[in-house]
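Protein chains in written order, with the numbering used here: chain G, 1 to 305; chain V, 1 to 264.
Simulated from the structure, these hints should not be mistaken for lab results. Don't be surprised by glycine CBs; every beta carbon is placed ideally from N, CA and C. Incorrect hints may appear among the rest.
As the list claims (entries may be wrong) - With a cut-off of at most 20 angstroms between alpha-carbon atoms, the simulated DMTMM-like pairs for lysine to aspartate or glutamate come out as follows:
1. V:Lys145 to G:Asp179
2. G:Lys154 to V:Glu60
3. V:Lys251 to V:Glu31
4. V:Lys68 to V:Glu31
5. V:Lys122 to V:Asp140
6. V:Lys91 to G:Glu227
7. V:Lys168 to G:Asp179
8. V:Lys109 to G:Glu227
9. V:Lys132 to V:Glu197
10. V:Lys109 to V:Asp140
11. V:Lys145 to G:Asp169
12. G:Lys154 to V:Asp23
13. V:Lys91 to G:Asp302
14. G:Lys79 to V:Asp88
Claimed, not checked - Restraint-style ranges between C-beta atoms, simulated for each label pair:
15. G:Asp81 to V:Met1: 40 to 46 angstroms
16. G:Leu120 to V:Ser150: 57 to 63 angstroms
17. G:Ser259 to V:Gly113: 51 to 57 angstroms
18. V:Phe115 to G:Ala272: 34 to 40 angstroms
19. G:Pro282 to V:Lys30: 51 to 57 angstroms
20. V:Pro181 to G:Ala280: 39 to 45 angstroms
21. G:Leu120 to V:Lys132: 53 to 59 angstroms
22. V:Pro74 to G:Leu120: 46 to 52 angstroms
23. G:Gly6 to V:Glu129: 51 to 57 angstroms
24. V:Thr214 to G:Pro282: 53 to 59 angstroms
25. V:Gly151 to G:Ile5: 52 to 58 angstroms
26. G:Met298 to V:Pro181: 50 to 56 angstroms
27. V:Ser150 to G:Asp291: 49 to 55 angstroms
28. G:Lys292 to V:Pro181: 33 to 39 angstroms
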Amino acid sequence: MTLLIGSLQLGFLYSIMVLGIYISFRILNIPDLTTEGSFTFGLAASSILTAAGHPLLGLVGALIAGALAGSVTGFLQTKLDIHPVLAGILTMSGLYSINLFVMGGASNVTLLNNDTVFTLFLKVFPFMSKDAVKLFVAIAAVVIVTVLLTVFFKTSLGLSIRATGDNADMVRASSINVDAVKMIALAISNACIAFCGGLIAQYQSFADINSGVGILVVGLASVIIGEAFFGHRSLMIGFISAIVGSIVYRYIIALATKSDMFPAYMLKLISAIIVTVALAVPAIKTKMANDKLKRQGMRESDGGR
Amino acid sequence: MLEVINASKTFAKGTPNEHKALDHLNLSLKEGEFVTILGSNGAGKSTLFNAICGNFLLDEGSVILDGKNISYLPEHQRSASIGRLFQDPMKGTAPNLTIEENLALAYSKNTKGLFRFAITKKDREMFCEALKRFDMGLEDRMATKIGLLSGGQRQVVTLLMSTIVTPKLLLLDEHTAALDPATAEKVMAITNDIVHERNLTTLMITHNMGQALTTGSRTIMLDSGAIIFDIKEEERKHMTVSDLLDMYSEKKKEEFDNDRILLN
């Protein structure tokens, strides 16, 4: 039971990070490796402010931290013309030091004796159980972020971001500064990811410098799992599929650990394999279709002999 | 309206591949003038368009549009007053966005405010009216992704996109060359309508000499990055395709003779 509810809580919380990855990976069409750094950046900022007694400010700090990290990657990509993947790696790598600096040189921070947004809510609604409050806060955060994103992507700027991922030349021809649009999109994407990191720090009352390791693959796996259910359709459905993907991913992980199929340290490998298989499906399908045509063609020419 | 003064551009300078794409080219267009451009491959036609649009900066010379020197403006700022169509219908539209979203993006040149809703009801009605006159049934498919349209349909939408906010200059880079003859004719007719109705200053690249002489009001021919003929008014009225070909070979022969003298 705890596992069921716990997975649901984590699924919702991490879905905010998955939304961020959906923006960069699917909408902007850039694989952004800043993720691992920006997630931890949000986590660090949030934990330090929470430890100082400002959990809400901590979440705001996480948002700003993520937006900054995204802007830096955007700047490297557009103004300095560095390959998008490399730009992300550079920012991520640099952030490792910055995150340690933010956390005061310590590799972890504990918040067990501090108020978090979760304990604050529990004080306001004392009749609710601890788990119910955690779930409620997680769902509320996801709903707010999703609604804001959906509205934002209906504005002119949002439309420019979607078009930039599709045909940047056409956006330039519409007198829109593509570089600025990319930077804004990466800032928003990483703000979501860092906000998620900030929530996670307060959720587990603990922040660790290595929390972000492998998070990109988790996000990609969630996006892909969600798309397996919903396919590529409108933007709103895309966001919902990202959220569902994140929850399903958590249940797959829970199931795998519960059933003792493999030790917990194998999870990253499993995630990587899920993503690889999902990304390989189109290529394998084409190959199979071509092989079938080839076999048919051979058989027919044999028959004509 | 448009003035290109003494424009020069050399690519891959200082390498064995050095290529003089524009060679002290001068061109001046009056407001509402519709000029067709002829020239063989590599003559500098597209390079001229790229120079006007700001894909690169000129080595020498300047571009003046509507009295304003735009030689050093970045591409996206120039495109506020320049509409451009390419030969490839895929280039001008975003395939995963719907027709109305594409039009809205082009229309956003006109509307200030990044956080305004991209498509209002009023916009939608306006787009619908604009599409209706093309008589292609596009007005009923406004929520269709552009990627599902045919090349001709995409080119018509691109044409509408580049003129939805009246540009000061319209550049057509063989925009009907990739279409089948019937569709090409239709797109050309629509182009003519729009250009005349809005009195747009237009440059059109074409490889069809007949079309070059019958469309618009003036024809220029480019060779090795410079204008070799500028045919207008009376002269153009009586010009036939064979006259043009004669003129071209005459000119080429002259050059050839000059080369021979030099080599001797």
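Within 52 to 58 angstroms: is that where the Cβ-Cβ distance between Gly151 of chain V and Ile5 of chain G falls? Cβ of Gly151 of chain V to Cβ of Ile5 of chain G: about 54 angstroms, so the range 52 to 58 angstroms holds.
- Leu120 of chain G and Pro74 of chain V - C-beta distance against the hinted 46 to 52 angstroms: The hint (46 to 52 angstroms, Cβ to Cβ) holds, given that Pro74 of chain V and Leu120 of chain G are roughly 48 angstroms apart.
* Asked: Does the Cβ pair Thr214 of chain V, Pro282 of chain G satisfy 53 to 59 angstroms?
  -> This hint is violated: roughly 48 angstroms between Cβ atoms.
**Report entry** Hint check for Ala280 of chain G and Pro181 of chain V - Cβ pair distance inside 39 to 45 angstroms
**Finding:** This hint holds: roughly 43 angstroms between Cβ atoms.
Practice prompt. Could you grab the alpha-carbon distance between Lys251 of chain V and Glu31 of chain V and see if it respects the 20 angstroms cut-off?
Written response: Judged against 20 angstroms, a Cα distance of about 30 angstroms means the pair is violated.
_Looking only at beta-carbon atoms, does the pair Asp81 of chain G, Met1 of chain V fall within the given range of 40 to 46 angstroms?_
violated (34 angstroms)
Mind checking the alpha carbons of Lys154 of chain G and Glu60 of chain V for me, to see if they're no more than 20 angstroms apart?
Answer violated: Lys154 of chain G to Glu60 of chain V is near 43 angstroms, above 20 angstroms.
Worksheet item: Are the Cα positions of Lys154 of chain G and Asp23 of chain V separated by 20 angstroms at most?
Response: Violated - the C-alpha atoms of Asp23 of chain V and Lys154 of chain G are around 46 angstroms apart, more than 20 angstroms.
Q. Given the proposed pairing of Lys109 of chain V with Asp140 of chain V, does the C-alpha separation stay at or below 20 angstroms?
A. Not OK: Lys109 of chain V and Asp140 of chain V at ~25 angstroms, beyond 20 angstroms, violated.
Inset, instruction - Check the following: the C-beta atoms of Leu120 of chain G and Ser150 of chain V are separated by a distance inside 57 to 63 angstroms. - result: 58 angstroms Cβ-Cβ, so the 57 to 63 angstroms window holds.
Would you mind confirming whether the straight-line C-alpha gap from Lys132 of chain V to Glu197 of chain V stays at or under 20 angstroms? The hint holds at about 16 angstroms.
Sort out whether Asp179 of chain G lies within 20 angstroms of Lys145 of chain V, counting only the CA atoms. violated (25 angstroms)
Checked against the numbered hints listed earlier, the structure breaks hints 1, 2, 3, 6, 7, 8, 10, 12, 13, 14, 15, 24, 26 and 27; every other hint is satisfied.
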